[in-house]
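Here the structure of chain A is known, so what remains is to put chains B, C and D in place on it, guided by the hints.
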Amino acid sequence: MTMTSENVTISSESQHPRKLRSRASSVRWARRREVMREVLRNPLTVIGVVIITLFLLMAAMAPLLTEANQPDPYQSPRDWANIDAAPGVEGHVLGTDSTGGDVLYGIIWGSRLSLQLSLTVVISTLIIGTFVGSVAAMRGGRIDNFLMRVVDVFLAIPELIFALAIAAILGPSFRNIILALAVVFWVKYARIIRGEIIRVKQTDYVAAARVVGDSTWNVYRKDVLPNAVTPLVVQATLDMGNVVLIGAALSYIGLAQAGLTEWGAMVSAGQSGILAGQWWVSTFAGVAILLWALAFNLVGDGLRDALDPKTEGR
Amino acid sequence: MQVRQYLIRRLALLPLIMLGVSIIVFTLTRFTGSPVGIYATPDMTPDELAALEERYRLDEPIPVQYAYWLWGLLRGDLGWSGVSVAPVTDVIGLKLAATLELALFAALVAIVGGIALGTIAGVRRNKAPDHAARFFSILGASTPTFWFGLLLLIPFYLWLDWFPIGRSTPEIFDTIAHPTGLYTVDSVVSLNPTAMWDSIRHIILPAVVLGFGAMAIIVRMMRSSMVETMSEEYVDAARAKGLPEKLVIKRHARRNALVPTATVIGLSFGFLLQGAVAVELIFRWPGLGQWVTSAILSGDQATIMAYVLITSLIFMLINLTVDIAYAYLDRRVVLGS
Amino acid sequence: MSNVSASDVNNSEDWLLRVDDLSVHFHTPRGVVQAVDHVSFEVRPGETLALVGETGCGKSVTARSIMKLVPEPPGDYASGKVMLRNPATGAVIDMLAAPMDQVRATRGDRIAMIFQDPGKALNPSLTIGRQLAEVFGEHRAQMLLTNAGIDPAKAPLGSKSVASQRAGVIRRSFFNLTHRGQSRALQAAVDASVIDALSDTGIPNPRKVMSSYPHELSGGMKQRVMIAQALACDPDLLIADEPTTALDVTIQARILDLINDMQQRRGTAILYITHDLSLVRQFADRLAVMYAGRLVESGPALEVLRSPQHPYTQGLLAAIPRAGTPRGQLAAIAGSVPQLIDPPPQCHFSSRCSFSAQACTNHVPGLIPLPVAREVACLRFTDAVSLGVNQEQMPSHVDLIEVESAEAVSS
Amino acid sequence: MSITEQQLGNGQPATTSKSDVMTLRDVTVHYPVKEGVLQRVTGAVRAVDGVDLSIPRGQTLGLVGESGCGKTTLGRVIAGLVPATGGDIWFDLDETAKAQMERLRSVPEKSMSAEDKTIWSHLEANHRLGSMTRERQRVYRRNCQFVFQDAFASLNPRQLVRDIVGRPLRVYHEASGEDLDLKVINLLERVGLGPQHLLRYPHQFSGGQRQRISIARALALNPEFVVLDEPTSALDVSVQAQILNLLVELQEDLGLTYLFITHDLGVVQHMSDYLAVMYLGRIAEIGPTAEVFHDPLHPYTKVLRDSNPSLEGDELDHSAHLRLTGTVPNPIDPPQGCRLHPRCPVSTSECGWQVDDMFLSLETSTPASFEAISRVERSSPFAAQLVMDDDVAALELFTEIQNSRSPFGGAVENIELDGANVSIRLREVEEIPLIPVAPGRMSSCLLAGRPDGIRPPAESR
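Residue numbers (numbering that gives the first Met the number 0), protein chains in the order written: chain A, 0 to 313; chain B, 0 to 336; chain C, 0 to 410; chain D, 0 to 460.
Extracted from the complex, chain A is given alone in its bound form (with noise of 0.2 Å):
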């Protein structure tokens, strides 16, 4: 039992009611920053934020911190006098690849793609799992068993290799990759947000809103979906890495367009040339991938251990 902190306590001359209303948002914001607070005790999530924000400050900034390629960007130019640069060479700090292109600028303008990656297929997915896990729990009965056997369907079939299908049959692109992703992760969410509901629904505290007669969709709205959805924040944040991981998987093995400017792209172009003593292009490539997976790992992983009502207290 714990007495916190942040108990506002209402003075008289605040206890006019109009007040109240704007003191009751100021206690469920105080409430939020509480809870950021939590999560931002550990260490790890913390430095897991500063390489986040690292990265969309990198992502935002590319033009500044270097020139656009026109036409393309997310091309990285070419440098035909530089070929295979070892890193520290005059104007490629990172060094250049067999086609010289800047390692560097591919690694800021990476960035760009594999927020656009992760955001795109995180937030579709986000919204289709959340719908599809939502209909299927508050409706049960047929509606439940026949998309659960749906969801089955596509579990049965590991992610990696799905998108790997997806993507090989609708051709090598970045967006096919984009596309293909999205088909394969709502699966996990449908699942994970039903889970949650099917266990909120029965609390006490759904069934005290049914005893007060309020609607199923007022009961979904306040009760039910606020107190399922901690763990799908915790699963699609540590989505954002995966899905660049395993995007980067797909494009290592040939499926994004030549050229691009896209880390696992990248690794793979420098592959060839490790043998030959050239370790940096898939070296600084892949840590920017292990980087980019790291961060919302350890962001994931916080908030798990601060959110998740089971590990809570621990």
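Hint data in this document are derived by calculation from the structure and do not stem from the laboratory. Treat the hints with care, as some may be off.
Residues on chain D that point at chain C, a partial pick, calculated with CB under 10 Å [unchecked claim]:
#1 E65
#2 S120
#3 H202
#4 Q203
#5 S205
#6 V238
#7 A240
#8 L246
#9 E251
#10 D263
#11 V266
#12 V267
#13 Y299
#14 P308
#15 L323
C-beta atoms are modelled at their ideal positions from N, C-alpha and C, and glycine is treated no differently.
Below, chains B, C and D alone, put in the same frame as chain A:
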């Protein structure tokens, strides 16, 4: 016992799910047009192509094509693999054996390492070993397998030359019989120490690379279930009986912590099958992954479909096994609820 | 009415367990929780002492400290001793200071414990038989070997270790292969001991129960198994931590009957932890009341229940609904238990106490001996001079003579 | 106050008021049990199995029983949280309506006169749960509230107290904006909290305070009737007293009717006017609380009373107390006849002994005989043919049953020995209904009406 009924139900559901998988995969492949290209040669005339389409019934509506394909599947005909220049069914066994061998060794690495690390972390919670194990597991989950493979190749292959690339040294490989298709097993069966050493040398590096990511998943699950069981009252009760701490951890805490971990081990097998694609590419391991990659790059639809079907089937069978193991490990479980 | 004063009793050497100035702290991110705060009491051989208090008062932590079962960290034995005397030899061991292997040898053998929820205190993945066998294997290896017809001195290493470590749990395959006859005899000896222990607690068909898993048994049966396991080695002291709270009243009644019966037959001393004062009356000899980590009152159970002296004990008793109380007029104690994170040095009950005075908020009342071997920690029994404060800062005073006469009237 | 024979027969305890808030007739809640590969329904957990009950207006009816007896399910059915699978639940019947309901309930719809049909459909539309009109449903919903055992679990952790307590008012458009805030403050003050608690989350309160919040929410719509499901069993005694006092005070001020569900006899004795004791899905005994306590008319009630530790009385000697043997039977397949008989300390040969009881007693008393049974052919719960391992075992079993002096032995109508076969037939007994025993008191024990009552026979002590 309910386990048998549950098993029957799950097995009955299996073909249905496989049917669903096949429909999805088939529809996807036909989305992008006729797969006639795989049979065609560049110099064919449109008429010849049409004849070819007719021959493979590619001019029929898609549901009919699917029916023919399914009928073929039931008779064991998975079509023609363009990349292997052979019927899919002839090649798939060899490829599967190679991948399974790799996945099994990787699983061994992941399970043994994962359980050991997870146990230590769970017991010594919030102390140095715990922090290390947690960071290690997050690192494992964040490392791109293909990149990690490359990273290990540089010192161990390029510089030190400890571990060779590929599945075997062909000259040694050919000296023994291959009843199981698993090189390591076959070499042991044939009591050929040279082959044994060869098989081990080849598999270690790819197995470690592949197992690393899966181990991360197992470590975190094992850790959190150890933390949970360590705070159970029966652990205190075991201490109150006067049992030594080692026994308390082994017999009372770890035994029960393994139950939820079993599910994750099943899931991590999916991870292994996926990761195998990249690892096989890097280490030139002639398995399903390498096979499917070349199929993808040359638009060989029959091979892609066969690959997806076979991996899904393995994945489902493993999850089924895990569920049943779960029922035996945890006596309280009522299956299917 | 006996005229033995409290100090006489405390000085006598007739004790089994003496908890002396025990403090247990928990380190949390919010601060140090003083869960148990300078608690002292003793248990005499064969008697039942009930430790009573509400949720979070520290009674369970006290019980666990006796077994040294409080997890460190976050727990921390900040002060005190837990001394256990061997009634036969007079040797004393301090559970908190003794080396770990001595502590382990004592646990389960000389002190045993039963837990609140038998469903949680039994390992779900081991059969009942295996769990009981562990106790015998740990503490009675010699006996098992003798019963199996193996001379302990000449027993092969294998059978020794089977007996001592893993009795009935894992029959070592190698040993099993090489010493098949001995292995079977050993298993039979283990089984016999387990069956004996089970049937002693009135479990019907112990053979069947032995091979079942905990979830296959009802709650009452599981608690019987726990009792059988606790009493397997005939301990001197049984710690019963709310042993019937998770059970229905009809089952509770039977379990209490059983504990009573076992105590009478074996002369085990019992430390009974409970929140339910009405249970105490039925079978505790003495009673100690805890509030917010401190002992506030103790004495012979019936005396304390008849004429409680501490305002908290009085409130607690009055809050229990009884046949005679007019509806809606229960004497509730206002407010709730204070937090124990870095508490100020004061009487913890002062915030809820109707007698509370200024002195109560800046002095920690110590236990004061009362007649009839009773003790109470309340400033009402202290005089202002000894605290060095003015009389008007003190709560209304009660003279010891008055207490004595109240007892005389009541008895 | 006069109690007519008819009223008693209908399961209504003597009441001073004219009408019932809720009237239950033969209510059942069965949860299907699915089994096998195809998940066919093979049976049902009979959580509530044929309950007749009336809840008199303005009074407190206590409902006691042990865990798994169905008391919580029954409370949830009455509050409309769980649908009944059988029987009728009537809301707000006045005396005439109730008489009509009783008269027409047993008449099949076909044989009703046109007039009766109108009355019946009017009754159903206005009073019967499940067939009420939308408006009446709203009236019922507003008037019947529920307080949960675990207050914390019943408060949405993500809502402020203001939103939790004000929610009913919002749902029924009773208040909004400033008005809502004022009303919520009033409610909070009513239950002993203050405006300073308005903008806090449930986790910021102590257990007792949370239960106060949950009571405030239940009172928001000014209901007539509140189901209290173990409202204090998660609380410490000192806090429990606060909540009980509050509940009594609110009842007196607002004229509330309570259904007080609990397992704590001390609390129910203190709180309720009438007492219903449940065992295994059925009511064992019902009557005015004081009388039920003073002179129980069902052995189960007596065991409950004797098992309940108390601070008073002279009985430190509990050898005279009745105790139950064994454990609660499986509610999927409850015992025939009286549900208590296999565990009852005062059972007789008429209590409904069946073949399964025989196995149970054999297993514990003579495991050898039990193990020697190789096959059983049941023709009914009361008759079976046993095939034993050999003739000797059969003879042993035969003589054992024949010489049995237990109540079970008395129930044997016919037993035959033929080689290794033993066929046995026991007296068939119908389910024992709740019967009026004394004015205002009903019991479902056969012995209750008899001169010796439920006192145990001398030799079985």
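Evaluation of the provided hints:
no.	hint	result
1	E65	holds, 4 Å
2	S120	violated, 42 Å
3	H202	violated, 14 Å
4	Q203	violated, 13 Å
5	S205	holds, 5 Å
6	V238	holds, 7 Å
7	A240	holds, 4 Å
8	L246	holds, 8 Å
9	E251	holds, 7 Å
10	D263	holds, 8 Å
11	V266	holds, 5 Å
12	V267	holds, 9 Å
13	Y299	holds, 9 Å
14	P308	holds, 4 Å
15	L323	holds, 5 Å
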